[in-house]
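Engineer: Hints are included, so try docking the two chains, each in its own frame, into the full complex.
Going down the list, the sequences are from chains A and B.
All the letters of the first sequence, read from the start, carry residue numbers 1 to 339 under the numbering used here.
All the letters of the second sequence, read from the start, carry residue numbers 1001 to 1537 under the numbering used here.
If you are wondering where the hints come from, they were derived from the structure by calculation, not from laboratory data.
A quick note: this is a predicted structure, and the numbers were derived from the prediction, not measured.
Hints may be right or wrong, so weigh each one.
Unchecked claim - Computed cross-link-like contacts, EDC-like style, restricted to lysine to aspartate or glutamate with a CA-CA straight-line distance of at most 16 Å:
| id | chain 1 | residue 1 | chain 2 | residue 2 |
| --- | --- | --- | --- | --- |
| 1 | B | K1414 | B | E1388 |
| 2 | A | K56 | B | D1199 |
| 3 | B | K1168 | B | D1101 |
| 4 | B | K1428 | A | D35 |
| 5 | A | K56 | B | E1204 |
| 6 | B | K1087 | B | E1479 |
| 7 | B | K1428 | B | E1307 |
| 8 | B | K1454 | B | E1427 |
| 9 | B | K1169 | B | D1151 |
Here's the letter readout for the chains.
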Amino acid sequence: MGPLTIVFARCLQAIPTVFGIVVVTFLLTRALPGDPAAYFAGASATAESIAEIRAKLGLDQSLPVQFWTYLKDLSSGDLGQSISTGQPVAAELLRRLPASLELTLTALLLSVAIAIPLGVLAAVRQDSWIDQLCRLVVTAGVSLPTFFTGLLLIYVLYFLLGLAPAPLGRLDLLHVTPPQVTGFLVLDALIAREWATAWSAARQLALPSITLALFTLAPLARMTRAAMLQALASEYLRTARAAGLSRGRVLMVYAFRNALLPIVTTLGMVFSFSLGANVLVEKVFAWPGIGSYALEALVVSDYAAVQGFVLSMAVLFVLVNLAIDIVYTLIDPRMRIEG
Amino acid sequence: MNRRELLKSAGALAIGSSMLPFFKSAAFAAPSDTVVVLIGNTINSLDIHRPGTNRPSYQVAVNVYDRLVTFGTRKLADGSLAYDYDKVVPELAESWVIASDRKSITFKIKPNAAFWDGSPVTAEDVKWSFERALALGGFPKVQMGAGGFVDPAQFVAVDARTFRIDLKKPSKLSLPNLGVPVAVVINSKVAKSKATANDPWAAEYLHRTPAGSGAFKVERWDPGQQLVYVRNDKWAGGPLPAVQRVIIREVPAQATRRALIERGDAHLSFQIPNKDAQELAGNRKVAVTGSPIDNCLYVACLNYNFEPFKDQRVRQAVAWAIPYEQIFRQAAYGRGVPMWGGTTAKPASAVWPQPFPYGTDLAKARALLDQTAHKAGFEVPLSFDLGEADWGEPAALLIQESLGKIGIKVTLDKVPGANWRTVALVEKKLPFLLENFGGWLNTPCYYFYWAYIKGNLFNASNYDDATVKKLIDETLHMEKSDPAYEPRIRQLIQKAFDDVPRIPLWQPTLESAMAPKLHGYQFWFHRQVDARSYKLA
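Next comes chain B alone, as it looks inside the complex (with noise of 0.2 Å):
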C-alpha cells in the first residue's frame, strides 16, 4: 500500500540530488590587479637549472629570476609586441664594457639590484649562478656552452659589483646568451646554506623555493594546479610590473580552456592552436595574437643515410611535389609565414628564415625523378612526433598524397613523444620526418650550427657537407656587422636551397588569446609567458 509512495519519493530525492548543486550562478571575480594565465602543460619545477625541467617551467627562471641583461621590445607589423634581439638591454647590470680584444665582457652590477631577502646582488652571486649551470650538466650547460661558457674559471668576480666573463674566443653570442632563461642569478648565500655534502648546489632546495630578486616571487605553487606570483615591489631589473599578482592555473582539456577564455574567466589563454586561433581571430570578446616564431621552421628532413634521398635530384623533387599551399590551410589553419615560393633561385638577402624557391610543381618534381636511378619510385615511411600531430598529422596525410602522384609511396609512422627525441634527434635514423628546430638566439648562423652540421642534434638529415661546415665556422661568431657576414650566409642559404636537406613548410607562430583588457603581452624566443610586462586596462 505505502511502497508506491515510498518509491516515488525515493525517486524523488535522487532526481532531486543531482541538481543540488545548481542552485545559482557565481560569477568568478578576480581583484582588478590580478591576471589569470591558463597554461595546458605542467609547471614541474621552480629550478632550471635542474636535470628534468620541462619547458614550461622556463616560465619561472623569466619571471622570477634576473639576469645579467635582458633584450628590448620591438612592435610588430600587426601592432603586437615581441622581444628585440638586436637591442641587448641592462637587467641586473647597468652597464657592459667588451675589451678591445674582444675577448673579455665586464659588467657592472645595478647599485640598488637585491635578492628578495634584502641582500644585495654580488659578483659572487653571478659566478656562482653561472657555475651552477655549468656542473648541473645537461640543457642548462649545452645553452650556456652556445655563448662559449663552457669552462668555471672563465666567471671572474672581480669586486663585489664588478662580474668579468672571460671568452676563450670572440663572439657575438656570448652577450645575448647571457639574456636567455638558463643564465639566471641565484641569491647563493641563500642557496650554500641549504646546500648538503650530497647536494652542494641545493638542487632539492631550489627546486621548490626560488631564491632569487626577480620581479615577481613565487607565492604559491601547487604542483600539478596551479602557480601564483606575487610582485617584488623592490625590483630593481626593469620597470615595475603592472599586476600585483599573476596566476598561472594549468587547465590540461584544450576545449576547457577555451570555454574559459571565451567566457571570460582568464585574461590569457598562452599557447593554443592554430584550429582556436583562427576560429576565434573574428570574436570580439577575445584577442587573439600571432606572433612569428623567430629562427623556427617547420621542417620535412629528408635523411641521406635513405639511399634515395642520396641524390639531390630526388630531394629537389620532392621538395617540388609538397603541397604547401594545403598544408598551410590545413595543418598551420593559415597562421604562420610561407617558406616556400621564393621567387629567386638565388637569395636576395642575409634574411632568415626566408621563402624557399619551390612550389607545388608535380610536372617538374616528376621530371627530376626520372632523372634519376629511382623513377621507378620508392617507398619510405614519414615519421612524425605524436606530441607535435596537431600539425604533423595533416601535414604528413597531405605530403603523403601528393609524393604518391610521383611515385613515391609514403607510409606514415606516428613515434610516441618519449621516443622521438632518441630515434629522430640522438640515433638520426628516420629517413623522412617533420621537424620543428628553432633556435633561442637569433642568428642564421645559430640555425645552420644545430641542423646543417653533421653529428648537430637537430641535423636529423645526417647532411655532411664540407663547405657549409666552413661557411658556418667561419660566420658562427662573427659579429653582424662585419662586412664577411652576409655574403656568408647568402652562400649558406644558398646551400640549403640547392641542397634542401630540410624542405621548409612554414615559419609557425606562437598563438595565444586574450580578454581585450589585457595589455603588454609580448613574444619572447622562449616561448613562455613573461608576465612582467602585463597590464590590466
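Isolated chain A (complex conformation) (with noise of 0.2 Å):
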C-alpha cells in the first residue's frame, strides 16, 4: 500500500468518529444542567424576557429539530455563534487556536529536546547521577500541577527577580499585533520584520511554554528512558556490538531508531492532552487561547461554543493521529509493509 492510500483509508477511518462526536457533544451540552437562557437574559429578568431569548437562541425547538439545525449548520461550516462572546465560533476558535499552537508547539519543542537527550543519557548511564537527575525531573513533572508551576515561576522570576515580563498574554502592552499569517505571534512579527516586536512576544511566551514544558516533560523523558532499556537490551543491539560497528553508530542509528517509534507515539497523546490539559496555563498567563475559552463556555452553558470546540479538537485528534501514522511509516520501514 502506498503512503497516499494510507493516508486516504485514514481519512475515512476517521469520518464515523467524528460524526460520533457530533451526536455525542450535541447531546452531553443539552444535558448540561445549566439553563443558558436564563443566564444569559441576565440579573433582573422575567420569566417573558427569558422566553424571548429562549427563543432567539432556538432552545424552544425539540432537541431532533435543534440537531438538524445544528447539522445543516455544520455541513456549510457554520459552527454557530457563541452567545456568551457574541462572535462567531469558528472565527473565534481560528484566532484562540493559534496561541493555542504556539505555546503548545514551543513547549513540546523546549520539552523534546531536554526530554530526549535526558532519557537517552539516562538510560545509557543507569543509575548514575545523570539517571537520578531524570528520575527528579520526571517526578516533579507529573507531580507539580502546572497552575503551580506556573504561579512559582511567575512569583520568583517575575515578582521577585524582575527577570521575566508581565505574565499579560501574547504580547506587552507596548506592542501591536502584527499582520496575521501564520497565527503565531513570533514568526508573523519575524515575517513583518518587527523585530521588537517579535522579541517581545517570544519572551511573552517563554513563561508559559516552561511551564507547560515542565509538566510534558515527564512522560516524554520516561518514555525516551524506558525505550532505550529496552532497545538496548535486545538482542539485535548485542548483534551489532558483535558485529563491531563503532559505539555511536550502534547508539543513534541501531538503538535509538528503534526506540523512536513509542516516543513518537508519547509525543502525539502528549501534544493532544495538552492542547486541551494547558487551560491553567492560559488562565496563569492570561493567554487567549482555546482552552480558557471552552472553560468558560462550559461554564455558561455556551453550547455552539462547547460544541465547536469539542469538534475542532476531534479534528486536530485525528489530524494528529494520523500524521503520527505518516511518522511511523518513515521512521519503520516494516509499516509501509504491513500497513
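Structural biologist: Take a look at the structure:
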C-alpha cells in the first residue's frame, strides 16, 4: 500500500469517529444542568424575557429539530454563534487556536529538546547522577500541577527577580499585533520584520511554555528512557556490537531509531492532551487560548462554543494521529509493508 | 569515542535553551497619560442592549456612551469617592423640567453635544435609543421598566434639541433611571444605516462597533484579551478625562493580577477578593479602596415553601444562631459593613440597609425553637452559587456548624453558576440559600420591591405579606421628601426585622487595588470601571 492510500484510508476511518463526536457533544451539552436562556437573560430578567431569549437561541425547539439545524449549519462550515462572546464560534476558534498551538508547540519543542537527550543519557548510564536527575525531573513534572509551577515561576522570575515580563498574555502593552500570517505571533512579527515585537512576543511566550514544558517533559523523558533501555538490552543490539560497529552508530542508529516509535506515540498523545489541558497555564498567564475559551463557554452553558471546541479538538486529534501514522512509516519500514 | 562529547554538548544545549528567554529584563513602561486597568472577567460585547451581554461589558456603556443625566460625586468617610444617588446632574441634557403634575419630564439637550462623527445629538437619537432598549428585550427592558418606561409612545422628540418622556404615573425612580448604564444614547443615523431587515436595531453592528458621544472611543477590542479606550477630545458630557488612553486588560488568574499590581505594572486591579484587600491594606506600594455597595446585602434566605421556615419563630431562631462575627472575619475578611447587632428592635430611622436586631445567641435561638413544632430539629440543605464561593463557602460552613448546635442539621449544596439563577431565583425552590441582590436605584423601597414581593425575581424566600406589598406599592414611586414616606419605610424595615425571610450577614464592599499615583477612582452603583474620572499624578 502506498503512503497516499494509507492517508486516504485513515481519513475515511476518521469520518465515523467525528460523526460520533458530533452526536455525543450535542447530547452532552444539552444534558448540562444549566439553562443558558435564564443565564443570558441577565440579572433581573422576567419569565417573559427569558422566553424571548430562549426563542432567539432556538432552544424552544425539540432536540431533533435543534440537532438537524446544527447539522445543517455544520455542513456549511458554520459552527454557530457563541452567545457569551457574541462572535461566530469558527472565527473565535481560528483566532484562539494559533495562540494555543504556539504555546503547545513551543513547549513541546522545548520538552523534546530536554527530555530526549535526558532520557537517552539516563538509559545509557543507568543509575548514574544523570539517571537520578531524570528521575527527579520526571517525578517533579508529573506531580507538580501546571498552575502551581506557573505561579511559582511568575513569583520568582517576574515578581521577585523582575527577569520575566509581566504575564499579560501574548504581547506586552507597548506592541501591536503584527499582521496575521501564521497566527504565531513570533513568526508573524518576524515575517513583518518587526524585530522588537518578535522579541516581546518571544519573551511573553517564554514563561508559559516553560511551565507547560515542565509538565510535558515527564512522560517524554520516561518513555525515552524506557524505550532506550529496552532497545539497549535487545538481541539485535548485541549483534551490532559484536559486529564491531562504532558505539555512536550502535546507539544512535540501531538503539535510538528503534526506540523512537514509542517516543513518537507518546509525543502525539502528549500534544493532543496538552492542547486541551493547558487551560490552567492559559488562565495563569492570561493567554488567550482555546482552553480558557472552552472553560468559560462550559461554565455558562454556551452550547455552540462547547460543541465547536470539542469538534475542532476531535478533528485535531484525528489529524495528529494521522501525522503520527505517517511518521511511523518513515521511521519503521515494516509499517509500509504491513500497513 | 566521541559519543560522550556529542551527548554532553546536546545536554548543554538543552539546558541552555531553557535559560534563553531571560537575558535581561525590560521594565514595562506605559506612556504617562495611559492608565492600565486589570479585570478578571471578559468583556463580551460593546452593546449593552444585546441579549447575552455580560456585566463586565456594562463599563463600555459607561465610558463610551452618554446618558441624558448622570450622578454627582460624594466623598465617603474614608476619603474615597462614590457616586451620589441624590444628586442627578446633566450629561447630554443641559437642563430638564418636571411637569407640575409630575407626569412628564422635558429635557433640553446640550447645544454642543455631538457624536464622534460630528453630527449633533438630537432628540430623535434619544428616542430611537430608548425604543431600542425596550425592543431588544431582556435585561435592558426590565431596567427601563424600573423607571416606568414601558411603551415606546412615552418617548417624544419635541424638536431637535427637546426630548420629553411621558410617565404613566409619577415616580421618583424615573429621573435616576435615566442615569443607569442601560439608558445610553446611540448615534441613530449611523446605526440605522447599518440595520438590515433581519436586524432592524443594528445589533450585529453595534455589538462590535460602538457609535456614541461618550468620553472615550474604543480604539481596539481584542475579545478575551483587551479593550483600549482613547479619549474623545470633543466630549460635551462632562469634564474632559485627564488621561488620553485607558487599557483594560483581562487577566483571569487572581494571583497574576495581584502580582501585576504589586509589581506596579498596572494602575488599577478592579474588584479584588476581600482576602487580597485585607492583605494589601498594609502595603505601601498599593492603595486599597473598599466602597460599601449601596442597597446591597449578602443574606441567608429562608424559603417559605420549606415547612419549618413557615414558622416565624424558627426563622428568628436561625437568625439568632448565625455566627455573624465569625462570618464577617472569615468570609468577608473584615471588609464590609456589619448588618447585625442592631440595638433596638424597632428601626430608629429609615436608613437602608441598617443592622438587624439579631446577634449570635444560641440560648435564645434554642428557646425560640423549643416553642415550635420543630424543637426536635430538622435537616435542611444550604445552597450557594459556586460563582460566589469565595464568600459563600466559608459563610455556609460556619452557618452549618452553628445551626448544628441548636439541632438544625445543615447539608451544603453547591450550585454551578449557570444553574443558579434558574433554581434559586426563577424556580425559587431552594429551602435555604445565600443570596446577594443589590439594587442599582438606591432607595429602600426599590430593594423591598425586588426582594420582598411574592413572585419578584430576588424574593428567593417566596415571602408573601399583604401589608408589606401594600407598603411597597405605596412607597415605590413616592418622593422621598413626602412626609408619608419615612414612616412607611420604617414599617417595612420593621417587618423585615420581625419576619426575617432574609437574614443579612453583612453589606458587601467593592474592593479595588491601585497604584498610589492613580487618583479619581470612584465607586459606582453599577460596580464597573468608570475611567472618565481617572487621573495620574
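Engineer: Hint by hint, say whether it matches the structure.
Structural biologist: Tested hints:
1. B/K1414 to B/E1388: The hint holds at about 10 Å.
2. A/K56 to B/D1199: holds, 12 Å
3. B/K1168 to B/D1101: holds, 11 Å
4. B/K1428 to A/D35: Since the Cα atoms of B/K1428 and A/D35 sit roughly 14 Å apart, the hinted pair holds (cutoff 16 Å).
5. A/K56 to B/E1204: holds, 14 Å
6. B/K1087 to B/E1479: At roughly 14 Å apart (the allowed maximum being 16 Å), B/E1479 and B/K1087 satisfy the hint.
7. B/K1428 to B/E1307: holds, 14 Å
8. B/K1454 to B/E1427: holds, 12 Å
9. B/K1169 to B/D1151: holds, 13 Å
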